[in-house]
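Chains A and B are the protein sequences, given in the same order. Per the numbering used here, the very first residue in the first sequence carries number 117; after that it's consecutive. Per the numbering used here, the very first residue in the second sequence carries number 117; after that it's consecutive.
These aren't lab readings, by the way, just hints derived from the structure by calculation. Please note that a few of the clues may not be correct.
For lysine to any residue, the following SDA-like pairs were computed, each having C-alpha atoms within a straight-line distance of at most 20 Å [claimed, not checked]: (1) Lys253(A) / Arg287(B); (2) Lys253(A) / Val232(B); (3) Lys328(B) / Leu252(A); (4) Lys328(B) / His309(A); (5) Lys263(A) / Ser335(B); (6) Lys231(A) / Val232(B); (7) Lys328(B) / Leu294(A).
FRET-style restraints, in silico, Cβ to Cβ [what the hints assert, rightly or not]: (8) Asp318(B) / Gln234(A): 33 to 43 Å; (9) Leu226(B) / Ser327(A): 57 to 67 Å; (10) Lys176(A) / Asp148(B): 50 to 60 Å; (11) Lys259(B) / Gly301(A): 41 to 51 Å; (12) Leu131(A) / Arg293(B): 34 to 44 Å; (13) Asp148(B) / Gly301(A): 51 to 61 Å; (14) Ser327(A) / Lys328(B): 30 to 40 Å.
Treat the numbers as computed from the prediction; the structure is a model and nothing was measured. All C-beta atoms, glycine included, are put in the ideal place defined by N, C-alpha and C.
Protein chains: 2
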Amino acid sequence: MKILVIEDDTAISELICMNLGAAGYETLPVYDGILAQEILEKEDCSDIALALVDVMLPGKDGFALMEDLQREQIPVIYLTAKDDVISKVHGLKAGAEDYIVKPFEVLELLVRMEKVLQRTGRGRERITIRDVVIDLKQHSVSKNGIKVNLKPMEYELLVTLAKSRNVAFSREELIKRLWGTDYVGETRTVDVHIGQLRKKLDFHEVIRTISKTGYRLES
Amino acid sequence: MKILVIEDDTAISELICMNLGAAGYETLPVYDGILAQEILEKEDCSDIALALVDVMLPGKDGFALMEDLQREQIPVIYLTAKDDVISKVHGLKAGAEDYIVKPFEVLELLVRMEKVLQRTGRGRERITIRDVVIDLKQHSVSKNGIKVNLKPMEYELLVTLAKSRNVAFSREELIKRLWGTDYVGETRTVDVHIGQLRKKLDFHEVIRTISKTGYRLES
DNA sequence: ATCCTCAATCACCAGTATTTTCATCGTTCC
DNA sequence: GGAACGATGAAAATACTGGTGATTGAGGAT
Chain A
117 MKILVIEDDT AISELICMNL GAAGYETLPV YDGILAQEIL EKEDCSDIAL
167 ALVDVMLPGK DGFALMEDLQ REQIPVIYLT AKDDVISKVH GLKAGAEDYI
217 VKPFEVLELL VRMEKVLQRT GRGRERITIR DVVIDLKQHS VSKNGIKVNL
267 KPMEYELLVT LAKSRNVAFS REELIKRLWG TDYVGETRTV DVHIGQLRKK
317 LDFHEVIRTI SKTGYRLES
Chain B
117 MKILVIEDDT AISELICMNL GAAGYETLPV YDGILAQEIL EKEDCSDIAL
167 ALVDVMLPGK DGFALMEDLQ REQIPVIYLT AKDDVISKVH GLKAGAEDYI
217 VKPFEVLELL VRMEKVLQRT GRGRERITIR DVVIDLKQHS VSKNGIKVNL
267 KPMEYELLVT LAKSRNVAFS REELIKRLWG TDYVGETRTV DVHIGQLRKK
317 LDFHEVIRTI SKTGYRLES
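Whole structure, please, built from the sequences with the hints as guidance.
Here's what the structure looks like:
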């Protein structure tokens with residue numbers, strides 16, 4: 117399951133691919149519209165889970181690729197350069213699943229991707245980190261094939277970190293996601309749960325502390 | 117266990133039914149959307165294992181039938197015309213299990229059907245978990261060969277869990293499946309029925325509680 | 001129409017399990 | 001060396017689950 121990245125600006129494309137790669141996705145970068153179309157028409161696209169498409173492309177613009185992408189049943193997230201209402205509406209009307217405005221936070225892109233993949237039934241069912249396997253369908257975690265008993269909060273925290281591996285989360289960010297915006301209490305609570313995960317999964321090095329900020333799950 | 121074939125082109129419908137018949141499936145051909153809807157709403161649909169639905173139908177199109185099909189928990193494979201671009205993504209998004217493009221190879225259809233039937237636990241007539249046997253045809257459950265008297269709701273719950281064993285279900289998910297989306301009431305109701313199943317089948321360990329979430333039947 | 005029966009749901013409580021807080025200790029970085 | 005930050009274990013606070021029995025509601029029989 118790859119992510120097709122159709123973006124002509126090599127700097128941005130590489131940035132995206134690097135980040136997605138780090139987060140555990142396989143990427144397939146394409147730098148112009150014509151080539152993208154050829155791939156969509158001639159190659160086997162069954163293992164493409166999602167396409168990130170720049171609206172402004174040389175050769176053939178992003179909207180023109182829509183037809184091919186839809187034929188292959190590939191959900192699309194558009195990357196729009198400016199906060200351009202016309203493009204957004206146009207894109208969504210053309211059948212895009214979502215759009216995101218450049219420049220964007222990697223975390224936001226990952227969240228939106230995750231949502232689209234989930235919605236279209238292409239969501240990851242398993243996430244592997246070293247010798248630990250998270251089975252999202254089973255709602256279970258195992259290390260070296262042996263089930264590990266995680267408390268609900270620990271599980272949620274692990275899944276959140278694992279879905280966006282190599283991305284740094286602040287304590288506030290984690291609290292917002294796991295407890296909700298209306299949470300009142302210590303941000304230090306997160307530390308306790310992180311501690312439990314590190315202990316139970318032997319993730320002392322895998323979950324890295326980012327001083328004064330938060331945590332990051334590395335792989 | 118029949119296959120519902122909703123297709124207005126009689127030539128194609130007959131072709132499908134003939135081939136499915138040859139492959140050992142019983143078929144129920146319907147030639148328009150309105151009639152299909154009536155059948156889904158008024159008739160007993162429990163013996164329908166799968167529906168093959170043409171997207172372009174007179175009366176009511178294939179997508180409009182989705183709601184009825186889902187309510188009856190009938191998995192769907194859409195049949196789409198080759199040039200019909202929007203439908204494919206749309207269909208899968210709406211909750212179809214699969215789709216197939218006309219004209220198609222009969223063999224491919226059979227393979228896809230088999231996969232869907234397998235995935236959704238239909239086609240099978242019995243499910244065995246430890247010393248418990250669920251006979252879907254007889255609508256009965258026995259433990260060590262001795263019939264166990266389950267209340268209707270308990271039976272439905274057991275079958276749902278058993279068809280997707282090792283998959284975690286949230287209380288909301290179970291309610292959506294067994295009671296329907298329009299259910300209003302306590303999610304704790306599920307707990308009571310789970311309790312009954314555990315007691316009657318001695319499934320205290322087999323049905324595992326996932327704290328704060330729901331339940332999972334393990335094997 | 002009324003009663004009867006049975007299944008399903010609800011409400012409550014006790015027992016657990018989970019989460020949070022807090023105090024203390026260790027580490028890191030100036 | 002000191003200050004700030006993070007880790008850890010245990011206690012306290014909170015939330016969740018499982019069981020029980022009462023209540024409701026549907027459907028069938030009289």
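Hints, one by one, checked against the model:
For the hint pairing lysine 253(A) with arginine 287(B), the CA-to-CA distance comes to about 15 Å; that is within 20 Å, so the pair holds. Annotation: proposed proximity of lysine 253(A) to valine 232(B) holds, straight-line Cα distance about 18 Å (limit 20 Å). Taken as a hint, the lysine 328(B) and leucine 252(A) pair is honoured in the structure, with Cα atoms around 15 Å apart against an allowance of 20 Å. Using a Cα cut-off of 20 Å, the hinted pair lysine 328(B) and histidine 309(A) holds, with the two alpha carbons roughly 16 Å apart.
Taking the CA atoms of lysine 263(A) and serine 335(B), the gap is near 14 Å; set against the 20 Å cutoff, the hint holds. Between lysine 231(A) and valine 232(B), the direct Cα distance comes to roughly 24 Å. Violation of the 20 Å bound is thereby established for this hinted pair. With a C-alpha separation of about 13 Å, the suggested pairing of lysine 328(B) with leucine 294(A) holds against the 20 Å cut-off. A hinted range of 33 to 43 Å holds for the C-beta pair aspartate 318(B) and glutamine 234(A), which are about 36 Å apart.
The supplied range of 57 to 67 Å is met by leucine 226(B) and serine 327(A), whose beta-carbon atoms lie about 60 Å from each other. Lysine 176(A) and aspartate 148(B) have their C-beta atoms about 40 Å apart, which leaves the hinted 50 to 60 Å range violated. Judged by the Cβ atoms, the range 41 to 51 Å given for lysine 259(B) and glycine 301(A) holds: they are separated by roughly 47 Å. Separated by about 42 Å at the C-beta atoms, leucine 131(A) and arginine 293(B) satisfy the suggested range of 34 to 44 Å.
A hinted range of 51 to 61 Å for the beta carbons of aspartate 148(B) and glycine 301(A) is consistent with their spacing of about 59 Å. About 31 Å separates the C-beta atoms of serine 327(A) and lysine 328(B), a value consistent with the hinted range of 30 to 40 Å.
Hint check: violations occur at hints 6 and 10; the rest are consistent with the structure.
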